[in-house]
Amino acid sequence: MTCQPFSVVPEKGFFDHKKFFSLLDQKREGTIMIQLKQLSKTYGSKHKQTVALSDINVTIDRGEIFGIIGHSGAGKSTLLRSINLLERPTAGEVWIGDTNLTALSDVDLQGQRRKIGMIFQHFNLLSSATIFDNIAFPLRLVRTPKAEVEQKVDNLLKLVGLEEHRNKYPSQLSGGQKQRVGIARALANDPEVLLCDEATSALDPQTTQSILRLLLDINKQFGITIVLITHEMHVIQTICDTVAVIHDGRIVEQGPVTEVFLKPQHAVTRDFIREENESAELLDRLIASLPSNDHTEVVKINFLGTSTYQPILSEAVQATGVSFAILQGTIATMKDTPYGQLIVRFEGDKEAIAKTYEMLRTQVHELEVIG
Amino acid sequence: MILLSTGFDFSKIYWSEIWTATWDTLRMLFFSGIFTFIIGLPIGILLFMTARGNSVWSRMLYRVISFIVNILRSVPFVILMISIIPLTKLIVGTSIGVLGSIPPLVLAAAPFFARLVETSLREVDRGVIEAAEAMGASKGQIVGKVLLPESMPSLIAGITITIVTLVSYTAMSGLIGGGGLGDLAIRYGYQRYEMEIMVVAVILMIIIVQLIQVLGDILVKRFSRK
Chain A
1 MTCQPFSVVP
11 EKGFFDHKKF
21 FSLLDQKREG
31 TIMIQLKQLS
41 KTYGSKHKQT
51 VALSDINVTI
61 DRGEIFGIIG
71 HSGAGKSTLL
81 RSINLLERPT
91 AGEVWIGDTN
101 LTALSDVDLQ
111 GQRRKIGMIF
121 QHFNLLSSAT
131 IFDNIAFPLR
141 LVRTPKAEVE
151 QKVDNLLKLV
161 GLEEHRNKYP
171 SQLSGGQKQR
181 VGIARALAND
191 PEVLLCDEAT
201 SALDPQTTQS
211 ILRLLLDINK
221 QFGITIVLIT
231 HEMHVIQTIC
241 DTVAVIHDGR
251 IVEQGPVTEV
261 FLKPQHAVTR
271 DFIREENESA
281 ELLDRLIASL
291 PSNDHTEVVK
301 INFLGTSTYQ
311 PILSEAVQAT
321 GVSFAILQGT
331 IATMKDTPYG
341 QLIVRFEGDK
351 EAIAKTYEML
361 RTQVHELEVI
371 G
Chain B
1001 MILLSTGFDF
1011 SKIYWSEIWT
1021 ATWDTLRMLF
1031 FSGIFTFIIG
1041 LPIGILLFMT
1051 ARGNSVWSRM
1061 LYRVISFIVN
1071 ILRSVPFVIL
1081 MISIIPLTKL
1091 IVGTSIGVLG
1101 SIPPLVLAAA
1111 PFFARLVETS
1121 LREVDRGVIE
1131 AAEAMGASKG
1141 QIVGKVLLPE
1151 SMPSLIAGIT
1161 ITIVTLVSYT
1171 AMSGLIGGGG
1181 LGDLAIRYGY
1191 QRYEMEIMVV
1201 AVILMIIIVQ
1211 LIQVLGDILV
1221 KRFSRK
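Line order of the protein sequences matches chains A and B. Position 283 (the first sequence) corresponds to 283 in this note's numbering; numbering is contiguous. Position 193 (the second sequence) corresponds to 1193 in this note's numbering; numbering is contiguous.
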């Protein structure tokens, strides 16, 4: 079984990331799929250089779904393309498994690229070929016997649910269907890695969800490592295990999605999360408008894992006699992990409030006093 | 009817000469068309591939081929035809007749066709080429399995335009004894004032051009998938 940190449901509502990941680190040998070492890329002549990427260090585990988020022009597309060397980095190394791609000859690189599937924002299907022929394309590049091509393509058509469109041309399909063809084509050579270049950016919200679900299925079913770039936080939240935030060609933050999402460190990350959660600004205004005194305090409580669904807050206040009002709350899931965030205003005497915190801290993921 | 009323006398026409000339024109078109395709297509592909190449050598190669193509395209056909007579003799052994007209026709039309091929290939979606590269396709596979199939309708349109251009070139080759309908029209119409034959020859050339264009349009439609 491949390692998927966040399909693990933490026990007793308590989840210690640091411990978990240090354990994981020990087991890491042999589970690394992709490594980008000190990657940088500059364009242009000596006189006028544009830096697209600088000092990128990324390690992606086998079977992981790794998301790269950034605004347009941040360098995420260049970064994704340097994984299969469609864009050659100016410096640094790209390792896939035990192979240093940057050191390969053109012919060897072509061979390695066959093990890396890729899907695109605009699908990039051959308009002159049928759906069948499009999916068969990578197989025919390596002269796969005809019977095997037939069988494989039919299986892939079934996997992506497009059997009845076998002999149609791409122009006859909808955007979501075209992306399914793209996915089937990318899987034809049984790749270990799937690169997704803004794969859902040209699709409507419902189609986006169905494509994301398909990607998640593929990841679980075949253990394929997926690297995706996007500018939408909800894509990261829906399927990714790990996220890297890229800004001005640098990775400004990376870590488990749950960690980064609940406790963003960098301003850019906060922006992305704020875009998802429009009410953040509203909350700031609300807190400012409330009278504050020695007997009130506003806290942000993050729940993670099954603790999200436990009556932790009410049990704590019953014990300490503090009263509370919920100013804002979200409960959702990140990939398979439930999480919740409550903004709570406690009212009571100082010691009781402190005692409440103490009790809560043992059970919730995080508690932060914000006002 | 209009022609008859202007005093033309169609009884004076030598039909056997007209059929011979038509046949010559068709043969010239056929052979020069084939050689233009065989030579122009790879040059067009080379122009496209070298223009996108990253290395210094490929950009240099592009400039050289592009320069030669431009030169051949800027020389008027009549002058090109006369100036390469020694070369024509060297290649086919004669500079007159159907055979002697083919080298100059090809030399004039191939660079023209090569440019049309280059333009057609540029219209292929870059993303599709990138996808093929990402799947590990070699340069040859990208040409054979992506560029040519994807630009097929546009290439057929290019071939049609080239053959129509060749029709007017074959007419000029009459000047150096190339034979064909154009030759007939000039000899009878211009030199002997027998307008009837010139009119018939021109009408036949119009019919040939129309047929080529209609056939080309049908094929373009047949191969279009967008």
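If you're looking for bench data, these hints aren't it; they were derived computationally from the structure. Keep in mind it's a predicted model, so treat the numbers as computed, not measured. Possibly wrong hints are sitting among the right ones.
Unchecked claim - Here are the in silico distance ranges between beta carbons for each label pair:
| no. | chain 1 | residue 1 | chain 2 | residue 2 | range |
| --- | --- | --- | --- | --- | --- |
| 1 | B | 1126 | A | 49 | 36 to 42 Å |
| 2 | A | 49 | B | 1161 | 42 to 48 Å |
| 3 | B | 1119 | A | 331 | 53 to 59 Å |
Unchecked claim - Derived lysine to any residue pairs resembling SDA-like cross-links, with alpha carbons at most 20 Å apart:
| no. | chain 1 | residue 1 | chain 2 | residue 2 |
| --- | --- | --- | --- | --- |
| 4 | B | 1145 | A | 290 |
| 5 | B | 1221 | A | 167 |
| 6 | B | 1221 | A | 146 |
| 7 | A | 146 | B | 1145 |
| 8 | A | 355 | A | 369 |
| 9 | B | 1139 | A | 107 |
| 10 | A | 46 | A | 31 |
As the list claims (entries may be wrong) - Examples of chain B residues toward chain A, derived with CB under 8 Å:
| no. | residue |
| --- | --- |
| 11 | 1039 |
| 12 | 1123 |
| 13 | 1125 |
| 14 | 1130 |
| 15 | 1131 |
| 16 | 1143 |
| 17 | 1146 |
| 18 | 1225 |
Even for Gly, the Cβ is constructed at its ideal location relative to N, Cα and C.
Hint check results:
no., hint, in the structure
1, B:1126 - A:49: 36 to 42 Å, "violated (24 Å)"
2, A:49 - B:1161: 42 to 48 Å, "holds (44 Å)"
3, B:1119 - A:331: 53 to 59 Å, "holds (58 Å)"
4, B:1145 - A:290, "violated (68 Å)"
5, B:1221 - A:167, "holds (19 Å)"
6, B:1221 - A:146, "violated (29 Å)"
7, A:146 - B:1145, "holds (17 Å)"
8, A:355 - A:369, "holds (14 Å)"
9, B:1139 - A:107, "holds (10 Å)"
10, A:46 - A:31, "violated (40 Å)"
11, 1039, "violated (25 Å)"
12, 1123, "violated (11 Å)"
13, 1125, "holds (7 Å)"
14, 1130, "holds (6 Å)"
15, 1131, "holds (4 Å)"
16, 1143, "violated (13 Å)"
17, 1146, "holds (7 Å)"
18, 1225, "holds (5 Å)"
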